[in-house]
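Peer 1: Read off the chains here:
There are 2 protein chains.
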Amino acid sequence: MRQSKLFTKTFKEVSKDETSFNAKMLIKAGFIDKLAAGIYTFLPLGLRTHNKVCNIIREEMDSIDGQEMAMPALHPKKVWEKTGRWKDFDVLFKFKLANEKEYALGPTHEEVVTPLVKKHVFSYKDLPIAVYHIQTKFRNELRAKAGLLRGREFPMKDLYSFHRDKKDLDNYYEKVKEAYFKIFKRCGLKNVYLTYASGGAFSKYSHEFQALAEKGEDTIYLCQECSVGVNEEIIKEQDCCPLCKNKKLKKEKAIEIGNIFKLGTRFSKPFDLSYIDQKGKKKDVEMGCYGIGTGRLMGTIVETNFDKKGIIWPDLVAPYQIHLVCLDNGKEKVSKAADEIYQTLSDNKLEVFYDDRKDKSPGEKFADADLIGLPVRLVVSSKTIEKNSVEFKERGKEKTELMKIEEVILRLKD
Amino acid sequence: MRQSKLFTKTFKEVSKDETSFNAKMLIKAGFIDKLAAGIYTFLPLGLRTHNKVCNIIREEMDSIDGQEMAMPALHPKKVWEKTGRWKDFDVLFKFKLANEKEYALGPTHEEVVTPLVKKHVFSYKDLPIAVYHIQTKFRNELRAKAGLLRGREFPMKDLYSFHRDKKDLDNYYEKVKEAYFKIFKRCGLKNVYLTYASGGAFSKYSHEFQALAEKGEDTIYLCQECSVGVNEEIIKEQDCCPLCKNKKLKKEKAIEIGNIFKLGTRFSKPFDLSYIDQKGKKKDVEMGCYGIGTGRLMGTIVETNFDKKGIIWPDLVAPYQIHLVCLDNGKEKVSKAADEIYQTLSDNKLEVFYDDRKDKSPGEKFADADLIGLPVRLVVSSKTIEKNSVEFKERGKEKTELMKIEEVILRLKD
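As you go down the protein sequences, you meet chains A and B in turn.
In terms of the numbering used here, the first sequence opens at residue 7 and continues consecutively.
In terms of the numbering used here, the second sequence opens at residue 7 and continues consecutively.
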């Protein structure tokens with residue numbers, strides 16, 4: 007992509023009503039635009055990053071037999087009444103349609119997925135099932151000031167699993183744990199802790215995945231013995247690690263980036279989602295649900311990967327791998343060389359964002375490259391083309407080195 | 007994908023409240039599920055088809071310099087008031103959030119994209135711009151009985167273009183026309199006509215793309231001279247072809263699958279979207295908008311590609327290219343041979359839906375294959391493995407032929 011063609015620009019300042027760190031960074035760098043509090047557009051660069059996050063999640067969900075579909079946002083009142091959550095769910099958007107019937111905008115999909123799966127499950131042979139979707143959720147928040155971390159409208163991956171019995175649910179639950187750690191690792195998040203949280207009526211604990219972050223809105227307590235986290239709610243009930251009973255706990259700020267929950271029969275019972283077992287007996291289906299806010303995950307990556315100059319995108323979620331910056335491109339010789347390098351890199355299937363702008367100074371170009379934060383910056387200038395090379399620099403490191411383009415390709419194709 | 011693992015089943019009957027042909031077909035075949043009138047889930051097979059439709063659209067939009075992004079569904083009242091459409095837009099969902107402010111659920115995005123683009127446009131050098139997104143729209147319809155053709159919640163691609171002057175808009179408008187015809191052709195739609203429709207205040211005509219369809223809800227008049235269509239609204243004003251003035255017009259039923267519209271300065275004026283031209287003068291930006299309902303397009307493909315037995319998916323939008331059906335798979339020899347063929351086809355990057363179910367009769371398997379409607383059916387049975395072959399049949403044709411697997415690959419890889 008040629009930067010001269012990209013319709014968005016970077017900004018030095020952000021409107022004062024934006025107080026969230028991730029949103030300020032992403033707006034400045036041209037990844038998102040704020041329409042209203044808690045409501046953002048993903049601009050071209052932001053959409054590319056979000057798509058990469060989603061595709062990593064898809065691969066890991068598919069690898070644990072998740073089947074992708076897409077459930078709607080408009081939910082009829084009757085399914086939410088069936089579970090008692092029409093009244094109880096605190097941030098549910100509710101309204102009447104032109105047909106005078108009441109609907110909600112879905113903040114989660116147990117009420118939709120359970121009756122849907124019921125249409126396809128009859129016998130034990132039809133289980134287990136795992137289905138997921140990545141879709142836009144809505145929450146009627148009174149305040150929404152955390153950028154991509156807490157939106158009124160936000161994209162989310164939710165996986166639901168359906169099992170013959172608790173044992174099968176337990177096994178699957180462990181598989182999801184592993185898949186979640188893989189996702190967060192591939193997204194470049196370090197310091198992610200499985201954290202014990204309240205489990206509701208059907209399970210002693212549920213689990214959150216918490217990423218340590220200076221400005222995190224959650225407080226967690228890290229067990230120094232077994233490296234799990236405990237959330238505040240649990241700590242108020244018991245002042246020790248639920249796993250090893252150790253009391254040496256370190257208080258940390260963190261951002262919740264995922265949660266997994268054994269639902270048991272909380273939703274299968276009201277919808278009568280049952281099956282006939284091997285002995286011909288009717289049994290309730292055991293369910294689990296597993297969420298990752300995909301926009302929130304992108305916001306968390308920013309909250310944990312930055313320096314004074316801008317974002318430092320981890321390799322696999324950067325919108326492009328390379329920022330190719332052409333200096334002196336008033337000179338035809340230089341701009342021609344840069345064009346050729348752009349072509350060569352693209353032919354080698356490397357993703358290149360090419361700063362071919364003619365009306366920007368080197369200082370502005372470097373500042374933009376740092377702000378946007380792609381993993382590798384390559385500079386082409388009068389100086390570099392004399393040596394038939396480019397200047398190679400990794401974002402977040404100071405060192406620059408002159409390199410032949412073939413070497414760049416070899417280094418980055420690994 | 008192994009059919010035994012797919013969580014959805016096909017259905018012989020559909021609930022009586024579903025009266026739309028496309029929805030009945032797609033529900034029976036396991037592509038969509040109905041949550042409420044005008045509100046559907048895309049099941050795994052349906053999501054695959056919908057993704058293919060969307061990816062064709064993406065390629066054609068990118069080829070005319072469209073930049074993809076993702077704008078939100080929740081729109082603050084103030085942007086809709088600015089254009090006077092808060093009151094005038096007849097199917098606008100409106101409601102109050104917890105913060106007591108009013109919002110709409112977006113049925114279209116002129117009110118969002120115009121102020122967004124304004125943040126990035128200053129000079130003539132910043133134009134032209136074309137941006138699009140594929141996103142979920144909402145319309146507060148009193149009745150919604152046309153399946154995927156008219157939803158209360160529906161996915162749509164909308165492209166918006168921004169130009170220095172009318173001439174540049176006119177040129178781009180023609181490019182979009184070509185791109186739209188390419189999209190519909192690649193989606194396997196025949197008999198698509200550019201159709202003249204009312205243009206509103208800023209242009210004499212706008213254009214619809216209409217696909218002839220027996221059960222189409224629109225009536226169009228085809229000019230026998232110049233092969234364009236004319237919609238009813240225009241015909242009521244003038245009883246001839248707007249292009250050649252010919253009065254020989256043939257009345258046809260059709261489905262609208264796209265529309266393109268020159269907006270002029272209808273939206274740039276209220277948002278003061280202007281630029282400084284070469285002479286230093288401030289000018290209003292000229293805009294165009296271009297829509298394709300992606301779910302509607304999928305529904306139209308079904309309404310125009312079927313027989314008594316089921317859907318007949320065009321090659322590029324079928325969820326899988328091949329339905330590999332194993333008969334006699336109680337016999338280990340046969341099921342092993344089918345497994346190997348499945349592997350070989352998949353290794354050759356062919357997309358295979360593999361009916362490996364052990365509890366279904368050949369009749370049930372053939373009925374499902376016809377209903378689901380993949381382009382090619384391959385049968386593996388005791389009979390075919392004796393001849394080291396598979397039975398090859400194209401959906402919609404009667405002829406079957408025994409074929410070596412290498413020949414199948416050669417035939418389908420083209």
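Incorrect hints may have been included.
For chains that are exact copies, the list does not tell them apart, and a pair is met inside one copy or across any two.
What the hints assert, rightly or not - Straight line, CA to CA, 30 Å or less: simulated DSS-like cross-link-like pairs of lysine-lysine: (1) 210 to 275; (2) 93 to 275; (3) 285 to 251; (4) 100 to 151; (5) 285 to 355; (6) 124 to 11; (7) 131 to 371; (8) 287 to 393; (9) 251 to 102; (10) 314 to 125; (11) 253 to 188; (12) 151 to 172; (13) 275 to 34; (14) 366 to 143.
Honestly, the hints are just simulated from the structure, not real lab data.
Peer 1: If a hint holds in the structure, say so; if it does not, say that too.
Peer 2: Verification of the supplied hints:
1. 210 to 275: within (19 Å within a copy, 59 Å between copies)
2. 93 to 275: within (19 Å within a copy, 44 Å between copies)
3. 285 to 251: neither (42 Å within a copy, 76 Å between copies)
4. 100 to 151: both (22 Å within a copy, 23 Å between copies)
5. 285 to 355: neither (56 Å within a copy, 42 Å between copies)
6. 124 to 11: between (50 Å within a copy, 16 Å between copies)
7. 131 to 371: between (60 Å within a copy, 18 Å between copies)
8. 287 to 393: Cα proximity of residue 287 and residue 393: none, with 79 Å in one copy and 45 Å across.
9. 251 to 102: Answer is neither; intra-copy 51 Å and inter-copy 47 Å both fail.
10. 314 to 125: between (54 Å within a copy, 24 Å between copies)
11. 253 to 188: Intra 29 Å, inter 66 Å, cutoff 30 Å: intra-copy only.
12. 151 to 172: Close neither inside one copy (39 Å) nor across copies (41 Å); limit 30 Å.
13. 275 to 34: between (49 Å within a copy, 27 Å between copies)
14. 366 to 143: neither (40 Å within a copy, 39 Å between copies)
In terms of the numbered hints stated before, the structure departs from hints 3, 5, 8, 9, 12 and 14, listed from lowest to highest.
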